[in-house]
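Model the placement of chain V on the given structure of chain L, informed by the hints.
Just so you know, the protein sequences line up as chains L and V, in that order. Each residue of the first sequence is one higher than the one before, starting from 1 at the first, in the numbering used here. Each residue of the second sequence is one higher than the one before, starting from 1 at the first, in the numbering used here.
Hint data in this document are derived by calculation from the structure and do not stem from the laboratory. Quick reminder that beta carbons are idealized off the backbone N, C-alpha and C, glycines included. Errors might be hidden in some of the hints.
Only part of the chain L face toward chain V is listed, based on derived beta-carbon distances under 10 Å [claimed, not checked]: (1) G53; (2) A55; (3) Y72; (4) A90; (5) T104.
Cut-off 25 Å, straight-line C-alpha distance, at most; resulting in silico cross-link-like pairs (BS3-like, lysine-lysine) [claimed, not checked]: (6) V/K14 / L/K49; (7) L/K69 / L/K49; (8) V/K155 / L/K49; (9) L/K248 / L/K128; (10) L/K56 / V/K14; (11) L/K265 / V/K17; (12) L/K265 / L/K248; (13) V/K79 / L/K49; (14) L/K215 / L/K248; (15) L/K69 / V/K79; (16) L/K18 / V/K14; (17) L/K128 / L/K49; (18) V/K14 / L/K128; (19) V/K235 / L/K56; (20) L/K49 / V/K17; (21) V/K158 / V/K2; (22) V/K238 / V/K158; (23) V/K158 / L/K79; (24) V/K235 / L/K69; (25) V/K17 / L/K124; (26) L/K79 / L/K18; (27) V/K79 / L/K56; (28) V/K238 / L/K18; (29) L/K22 / L/K49; (30) V/K10 / V/K79; (31) V/K158 / L/K49; (32) L/K69 / V/K2; (33) V/K155 / L/K56; (34) L/K124 / V/K10.
If you only want the chain L side, here are some residues facing chain V, beta carbon under 8 Å, derived [what the hints assert, rightly or not]: (35) Y14; (36) K18; (37) L19; (38) K22; (39) D25; (40) A52.
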Amino acid sequence: MDRVLISLNTISKYFGRKLILKDIDLEITSQNAIALLGPNGSGKSTLLKIVAGLAKISSGAIDYAPQLKIAYIPENFPKIDLTPAEFIKALGLIGGLTPEQVSTSMTDLFQAFQMDDMRDVPIKHLSKGTIQKVSVIQALLTTPDVLLLDEPLSGQDIQSQQLFIQMVQKLHQQGVATVMSCHERFLVNQLANTAYEISDHQLIPLDLASLKQVKYDMLIFEGPAEAALDAELDRLIEQAEWDHNRLKVIVPSDHSDVVLKALLKRQFKLRAMEGMEQ
Amino acid sequence: MKNLLVYHFKTYLKSYKLLLPFLIYLIYLFAAYGIMPFSVVSSFSESAGVLFFIMAYVGFSYAELENPVTEQLILLRIKNDNLYYLSRLTLLLIIGFAMSLLGLLYPLILNVVNNDHLFTRSLQLADVAIGFFLHSLMAFLGAMTGSFFHPRIIKNRKIAVLLLFFVTVMGISKGALADYFPQTRLIAWVFPPVFDILASFTSQEFFAVPAMALPVTLTIAYGLVLMTGQIQLLKHSKF
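If we strip away everything but chain V, and leave its shape as in the complex, we get:
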């Protein structure tokens, strides 16, 4: 697994495909934390929501980068398709963790620089811990959503891009849509539960763990379904 991760990391890093999403997230953070003070919960939720989109792009571009020939050569060597695909998704999770760290470290440092006045209230350890968890969860969900649109799962790239755009936008806007068109609730579960998790923090001053429990479980389950689903589909479709 270690050698596979090193290989994937080198391949991805040398493609410079990580640069754009990294810069976009950095610019977002600069802009979002421009005028203080902020509510801890809403600013962390918003940042995690943006990370979902960023990681969906990272997952998609990483899946596109996969070369079928080198993939075949490695599959022949390791003789374990599950391990190969899992290693690729693990790399995405590692990138997601790094981006989550960035999404949290930036406001933390800014808060220290501003003598603890960045937020409307004093930052607590629980805010940092839950904030990091929330970012990581959204990064995981985004990465699994983006990587699901793999060129071997959806062969037409135009359709894949449009579908990914539609699915990610629906993921965050399905709640608002359901308010206007209640019947859309019937199919809303198909889309990533981004709205479900972010809605649990609306108008909250502190992160409430009990209110998070159900949406978090739903998000982890949704991400795992996408993860196992894409591995099975890739194994089944072969070359």
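Okay, chain L solo, but in the shape it has when bound:
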């Protein structure tokens, strides 16, 4: 039987009078790779913080296995004055690593994430995607028992996303449990073996097979820089990413035609389109 690392027992969470989570039961074992899905504001991040012991619960109880090492990748890493090298080194030393261990891990990770040139640039001056890499690197500095990921892929380029997915898969093979909040459904099957949707304050198990059946297309457009997409279009798109005047969207194949037509109508020009490999 798998070792239970963290057990949430009928926990509920209120912010003031507002109910966020209600009677959540969840067991996290070393074999788990859990994906939490749900719209913004549904409580995914709060649940991750509760699992980490960083957020107070209003009722219920949480049990942790002894000596548990939890690493956490926050959704929005702050724009701080320290450089990536200074921050990662400080965190490693605070966490009990020797200077040599920190130096070795740091060099490997900066290289793997192609951050060698940026290690001495203040984090506040880095792009969103690069800052997200710092957030990932700090979590992977040592091998944790449980890795919590809050929208880990948002803002990262395709190459970094793939590297990150490989790293998480490798960690999972090593017995690291992962719990991830994610809105990119197309990535869930690569990173998770169990999925839940937070709906109506509760955790609803999802059939991963049904998620896997969804096919996605990637479309690249050229258009007015950072033009806002309306809410209706936004609902159809799984992920949208701007790079100067280029917009990359990932769309369920069923919606590709509608999104394509709508964006062409808005003076966008199609530059590339292809089906995505799961």
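Coordinates of chain V only, in the frame set by chain L:
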């Protein structure tokens, strides 16, 4: 603890938030010791009183600087909330000691430059020792008062700033207020005992240790209550 202190120190130094209070205190020292001679006791007391305000600002700005995300990441690594919060307050104490040193070294050097004529009487070793202790005590009290108004303890920043201003001003003026309105004595103990300690030196030519004993004990106790109080509140409120 050492690594935490190094981290906090780097973070604080890189924010340049220490520069303003440091410069203000330096300007105060230049101005305060401009026309000699001075009474040793009253000039050291006044300087310590000013340091209380400066350190209250330092404590407050340092608490504001704390980023909840990096705080969460470190808390997960060290798994000891007490150690984390204690390390932050220790850094404030170290800054307080450095400022106290500045508050004392400046007049000492000026005294040497002026051939021992800066003060109305010759400076003694006891003056220097008690003067440094007094500055450090006020720095400790100011730092604990300012850091208590942490964004996670008082979420509304406007109210926090106003409250801090009110509390620090009341701390030094509660004695004068009580002379006019004796009934305010009932609630005066709520405010930092700055007046209590400075009043024990009024019109004194030498520092009198017995007269200091009670106010010093009161100040240390008050500072420790603020220190443990804020750690408990921060641990309890979480994120």
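Quick rundown of the hints versus the structure:
1. G53: Holds. Min distance 8 Å.
2. A55: Given a least distance of 5 Å, the restraint on L/A55 holds.
3. Y72: holds (6 Å)
4. A90: Where the cut-off is 10 Å and the nearest Cβ of chain V is about 4 Å from L/A90, the hint holds.
5. T104: violated (17 Å)
6. V/K14 / L/K49: violated (29 Å)
7. L/K69 / L/K49: Between L/K69 and L/K49 the Cα gap is close to 14 Å, so the pair holds against 25 Å.
8. V/K155 / L/K49: holds (20 Å)
9. L/K248 / L/K128: holds (16 Å)
10. L/K56 / V/K14: Status violated; Cα separation ~32 Å.
11. L/K265 / V/K17: violated (51 Å)
12. L/K265 / L/K248: Holds - the C-alpha atoms of L/K248 and L/K265 are around 17 Å apart, at most 25 Å.
13. V/K79 / L/K49: holds (14 Å)
14. L/K215 / L/K248: Measuring from Cα to Cα gives roughly 17 Å; hence the hint holds.
15. L/K69 / V/K79: holds (9 Å)
16. L/K18 / V/K14: Roughly 39 Å separates the two Cα atoms, so the pair is violated.
17. L/K128 / L/K49: Roughly 22 Å between the alpha carbons, so the hint for L/K128 and L/K49 holds.
18. V/K14 / L/K128: holds (21 Å)
19. V/K235 / L/K56: Given that 25 Å is the threshold and the Cα spacing comes to 10 Å, the pair holds.
20. L/K49 / V/K17: Distance ~30 Å between L/K49 and V/K17 Cα, so the pair is violated.
21. V/K158 / V/K2: Violated, at roughly 34 Å.
22. V/K238 / V/K158: holds (22 Å)
23. V/K158 / L/K79: holds (24 Å)
24. V/K235 / L/K69: holds (20 Å)
25. V/K17 / L/K124: holds (16 Å)
26. L/K79 / L/K18: Roughly 30 Å separates the two Cα atoms, so the pair is violated.
27. V/K79 / L/K56: Holds, because 16 Å separates the two Cα atoms, which is no more than 25 Å.
28. V/K238 / L/K18: Cα-Cα ~17 Å, so holds.
29. L/K22 / L/K49: Status holds; Cα separation ~15 Å.
30. V/K10 / V/K79: holds (22 Å)
31. V/K158 / L/K49: violated (28 Å)
32. L/K69 / V/K2: holds (22 Å)
33. V/K155 / L/K56: holds (17 Å)
34. L/K124 / V/K10: Holds. L/K124 to V/K10 sits at ~15 Å (cutoff 25 Å).
35. Y14: Status violated, d = 13 Å.
36. K18: violated (16 Å)
37. L19: Violated. Min distance 18 Å.
38. K22: Cβ of L/K22 sits 19 Å from chain V, so the hint is violated.
39. D25: violated (21 Å)
40. A52: Since chain V brings a Cβ to about 6 Å from L/A52, closer than 8 Å, the hint holds.
Figure legend: structure checked against the earlier numbered hints; hints not met, in rising order: 5, 6, 10, 11, 16, 20, 21, 26, 31, 35, 36, 37, 38, 39.
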